[in-house]
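Since the structure of chain A is provided, determine the placement of chain B on it from the hints.
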Amino acid sequence: GAVVSQHPSWVICKSGTSVKIECRSLDFQATTMFWYRQFPKQSLMLMATSNEGSKATYEQGVEKDKFLINHASLTLSTLTVTSAHPEDSSFYICSARAPRGSGRPYEQYFGPGTRLTVT
Amino acid sequence: KQEVTQIPAALSVPEGENLVLNCSFTDSAIYNLQWFRQDPGKGLTSLLLIQSSQREQTSGRLNASLDKSSGRSTLYIAASQPGDSATYLCAVNIEGTALIFGKGTTLSVSS
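Just so you know, the sequences run in chain order A and B. For our numbering, count along the first sequence from 1 and bump the result up by 281. For our numbering, count along the second sequence from 1 and bump the result up by 726.
Hint data in this document are derived by calculation from the structure and do not stem from the laboratory. Each statement offered as a hint is correct.
Simulated crosslink set (DSS-like; lysine-lysine; CA at most 27 angstroms straight-line): (1) B:829 / A:345; (2) A:295 / B:768; (3) A:322 / B:727.
If we strip away everything but chain A, and leave its shape as in the complex, we get (with noise of 0.2 angstroms):
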C-alpha cells in the first residue's frame, strides 16, 4: 500500500524559531498533499491543500505567512512553522492523495504525524 512518512515525529523548540516538518510520499508520486493540525483531545482541522508547483490553499483562519507549505516536487511537501510560540504546539499531520489511475480515486494516506512542543 500507499505509504507516507513525515520527519522528524517529534520536535522541541523554543519560542521564536522556525521549524519545518517534510512529508514525503514513498512509492508514489503525489500531485495533491494536505496538512491538518491536532490539538489535544480534538479532532484534525485541515489547515492547508498542497499542490506541487503551486501555491498552497488555506483554510479560513490558518495565516499563510506563519505556516509555510512548499510543494516542490511529486514526492515531497514541507511545511515551515514560523516564529513559533507555544500555542502552536500540537500534533501536524501530513497525507498524500492517491494518484489518477489508482483502484480509489481521492483516498488520502497519513503521514504518522509530527508533534510539535514549542517552550
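Chain B alone, transformed into the frame defined by chain A:
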C-alpha cells in the same frame, strides 16, 4: 460547508459486546467516507473506506455502512476486545477535496 458529527462522543463497554458508532454529514454529495482509528498520541490507522457508490465495507470484525442520501454511516464492531480501545474517527470528502473529520468517538473496552 461540510460538517461531520459523531455520536456518541465516548463509549464504555465490557469485552465481548457488539457496538455501533454513528457518523452523520451535512452534505450528501460525498465521494468517499473513511473510518480511522487513532490510539493516544499516535497517527491514524485507516480501517475502512466506502466509495459513494458502495453501501458497505467489511474487514474482519468491522463493518461500515453508508446511507448517502440520509447523510449517515455506521461502524459496527463485533465481539469487542480491550485492544479495540481507541478513538474512532469518521471523515468524508467531496470529489477532489480534502477529508473533513468528525470529532471522534472514544471507545473503552474493559476486560
